Amino acid sequence: MQYSSFLAMACLTITMTAQAAEPKGFLDDVRRHSLATSTVPANGDQNPYAVVVAPVSVGRIQAGDVLIDNFNDRNNLQGLGSTIVTWRPATKQLSLFAAIPRNLPQCPGGVGLTTAMTMLKSGWVIVGSLPSQDGTTKTKGQGCLIVLDANGNVAGTITGPNINGPWGNMAVIDNGATATLFVSNTGFDVGPPGDQPPVVNKATVLRLELSMAGGKPPVVTRQTVIGSGFGEQADKDVFIIGPTGLALGKGGVLYVSDALSNRIAAIPDAATRGDSAGTGRDVTKDGLLKRPLAMTMAPNGHLLVTNGLNGQVVEIDPETGSQIAARWVDTNKAQSPPGSGDLFGLVMTPSGDGFYYVEDEVNTLVLAH
Amino acid sequence: MLTRPTRCAMATACLASALWTSAACAQDDQQPGFMTGLWTRSNLLGGAGGVRSGLWNLGITIGVQDVNEVWGNVTGGVQRGASYDGVTLLSVGLDTQRAFGWEGGTFNVSAWNIRGRNIATDNLLNLQTPSGFLAADTTRLWEVWYQQSFLDGRIDVKLGQQSLDQEFMTSQGSSMFLNTVMGWPMLPSADLYAGGPAYPLSSLGVRLRTQPGYGITTLLGVFADNPPGGPFNDDGQLRGSTLWGGNFNLRTGALVIGEIQYTMNQPGNGDVVHGATASRLPGTYKLGFWYDSGPFPDQQFDNTGLSLADPASTGIALTQWNNFSIYGVADQMIWRPSEDSPRSVSVFARLMGAPGDRNLINFSVNAGITLKAPFEGRDNDTVGVGFGIAQVSGGAQAFDRSVAFFSGAFNPVRTTETFIEVTYQYTVAPWWQVQPDFQYVFNPGGGILNPNQPTQRIGNEAIFGLRNTITF
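Sequences listed follow chains A and B, in order.
Numbering-wise, the working numbering comes out as the position in the first sequence, counting from 1, plus 30.
Numbering-wise, the working numbering comes out as the position in the second sequence, counting from 1, plus 1.
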C-alpha cells in the first residue's frame, strides 16, 4: 500500500470513529428529568400551557425566571384559566405573577390563556387568550393578545380581524425598542366539539411588528399573515387542535408544527415576506411525529418538538428534515399512549444545556438536562 | 390593535362588600355554574368552590368515594334473595413538598364506612364472594402511612398501617371485576390471619420499593400478620378496638412479602427511540412470595396426632409454625387496532400455591379477558369475562373424609369452587361508573353441605349485581 493510500485510509478511519463517538443529537446528552415545581396558583387554575424563560430582570421578574400560564380554571374547565405563575430556579419558589381579570372589555369572550406567550427584553409580557365559557369551543370567544407589564398588570390588549384564537408558542425577533412576533391563530370558524368535528383549513400564522418607543406598551405597527390554510379542529378532550409550535431558524425561516397534518412546515423569509406562504413547505412528516405540538430550537440548530399523542420530544434536523430521535419525557400511564395530550409548553434553558416542559395533566414544570 | 383596558374602578368597593358588586366587577368574579363541565370533570364536586385547590396548595388532597351495590341470587345458595351493601372511603393525603418544603414525602390516612347486608354470609356461603366490599358493618380506620422517596423516586419506603392489596399481587385487568378474589386473591384470603392485611383491614409494617430501570420494580415488606389479633379461625373484625381499626396488633407473627415486577413495552422517562417503529403491546409480569412466621392450625390433625374429626381428639389443632406461598401475576394486552386507539383487548391471570397441610386453600387461580372501548363513542367503558378456581387442600379434604368416617353421616369431601363473571363497566362520567354484573358459582364452598338441607350440597348460584360508584 502506498503511503498516501495508507494516510487516506487512516484519516477515513479516524473520521468514522469520531463520527461514531459523536452524539447523534441534542437529546442524547439529556440525562435527567427533574420535577421543578407544581404550577397551580392559589386560585386553583390548572393545565399549564406556555413556558417562557425571562430574558431580563425587570419589575418582579428576574432573568432566568420561568413564566408559566394556565389554560384551565380551578374546575379544570379549558379556556377559563387566567393566571401566570413564575418559578425562580435560584430559590425554587413559585409565585403568582399575574391574575388577569376573567373579562376584559377588549377581549371578546373572556380570558383563557394559551400556549402563546413571550417576554420581551423591554419587560413586556404578551400572552394569547382563546377563551371559553363552558370549557369547550361551543362557547369559544375570538380571543386576543394581552400585554402585561413586568409587575403582572394588564397594560393593554391586541385584537383585530387577524387575531382569532391566538394559540401557538410564540416566536420572536426582539430588538429592544422594536420586536417582531409570530403567533398562530386557530379559532377561525371552529365550531363546537362533537363526535367528528370538521377540520377547518383556516388557521394562520400572523407576523406582528411591534414598537415600544419611549418605554410605552407595545404598539402594532404592521401585521402580515405569512402562513394560512393550516388545519384546525375542535376537540372534546384537548379543546382545539391546530398549528401550535413556532420556532425561528437560520435564514429567517419560521418552522411551524402542523398538528393535524402531522408535519413540520417551513415558511421562508418569515421576517420580511409580504404575503402568505400558505401552509409552507414540508420539512418532515409522520415517522416519529405524533401530532406535533410545542416546538423550540436547540443550540445545535435542531428542532425539538413535543408530540400530542404520546409523551415524547422529537429532535429534527431542519436542514435535512431527518428525524434524529425521540425521547420519552412523560410516561404518565393515565393516558394511552402514555403522556398523550400533556406536552404543550417547551423552552430551552438559558444556558442551552436542557429544556423546561410542562406536564399539563399533573400540573408540573419539569427540567430535562 | 393595542387598546388600553378599562380598569375596574369599583374593585375596592367589591372587595369591601360581599353582598354588592357592580356589574363590571361581577364579570371579573363570575364563575361558571355547577353544571358547567359536569360530565367531563373527574370529581362530582369539581373544585368544590375553590376548597379543593386551596387545600391542594397546602399540600392536602381529600378524596371521597361512595360505592353502593345490590346483589341477588336467583338460584342456589342456602336461600334466595337480594340485598344492599355500600361503602364510603374517605382519604386524606399530605404532600410534604407543597406543605412545608420537604421533598419526596407523602402522608396518607383513610377510613371506611361499611354498611348493609352481606349476601355471601346470608345467602351464598361460598368461598369466592361476589363483591370485594362485603365486610362487617362498621366505620373503621384503614391505612395510616408515611412514604418517603429517594433518588428521584427510584427508591421509596413506606412506614405505617398498610393494606397489602393496594400494592401486592395486583392485576390491572383483574381489578375491574367485582368478585372479591379478582381483587385480593382467594389463597391469602383463606390462608392468612383474618384474610391478611387487606380491605377492610391493614397492618403495621414497612415496605421498600426500588425501580432500578429496565422495566423492573421490586417490592419487599415486613408486616404484622394478624390485623385483628384474634385466633386464626376467628378474624374478629367486630371485636373491641378492631371494630374501628384501632387494634395495632403486633403479637402474632411477622409477614414477609416480596415481589419482582417486569413491565415490557412500556416506556420509561428518558428512553430514546431512534426511528419510527411499530410499538409492541404492553404487558406486566410479577413473581412473588410471602412467608408468615406465626402459628397456623393444621387442617387434619390435633395436637396429639389424632384426626380432628376423631371423637377422642382434643379439638386443638396441631400447630404448624409457619406458612408460605408463591404467586405469579400476568397482565398482557393482546390486541389494539392502533397505538393511539382507546380500544384494546387484554388478558390477565394470577396463580398461587401454598402447603396443603395448614391451609384451607392450597391453590387458586383467577383469570380473564377484557375489552376496553367496546363500542364507538364508549372510550372509557370496559367489558370483561373472567373466572376463578379455588382448590380445597388435601389436609382439609382428609378432614372431610374423617368426619364422614367417624360420624357415619353424609359429609361430602370439598374439592374446588369455580365461578365465572361477566361484567360491564359503564362510565357515565369520569366521576360516575355503573357496573352491571353476573356471576355463576359452581360447587359453592367447594361442595359444602347446605345447613338448611343437610343431605344436599349447596346448589350452584346464579348471582346478579349492580354497582354504582361516585367519586366526589
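A portion of the hints provided could be inaccurate.
To be verified - Label pairs and their computed distance ranges (CB to CB):
id, chain 1, residue 1, chain 2, residue 2, range
1, A, D312, B, G214, 35 to 41 Å
2, A, G259, B, Y263, 35 to 41 Å
3, A, R118, B, L221, 53 to 59 Å
4, A, R90, B, F473, 34 to 40 Å
5, A, L126, B, V158, 33 to 39 Å
6, A, K266, B, V435, 47 to 53 Å
7, A, A93, B, Q66, 43 to 49 Å
8, B, V65, A, L126, 24 to 30 Å
9, A, S241, B, Q66, 41 to 47 Å
10, A, P222, B, V435, 44 to 50 Å
Claimed, not checked - Just a few of them, taken from the derived set where beta-carbon distance is under 8 Å, the chain B residues facing chain A:
id, residue
11, G38
12, T62
13, S150
14, D153
15, P268
16, N270
17, G271
18, D272
19, S294
20, D303
21, P338
22, E340
23, V414
24, T417
Unchecked claim - Over 10 Å on every C-beta distance to chain B, these chain A residues come out as not near it, computed from the model:
id, residue
25, F218
26, D225
27, A243
28, G331
29, M378
Because the hints were derived from the structure by calculation, they are not lab data.
In this text, all values refer to a predicted model and were calculated from it rather than measured experimentally.
Beta carbons are placed, not taken as given, at the ideal position from N, Cα and C, and that holds for glycine.
Exercise for review: Of all the hints given earlier, name the ones this structure violates by number, lowest first.
Suggested key: As far as the earlier hints go, 2, 3, 6, 9, 10, 12, 13, 19, 20, 21, 23, 24, 26 are violated by this structure, in ascending order.
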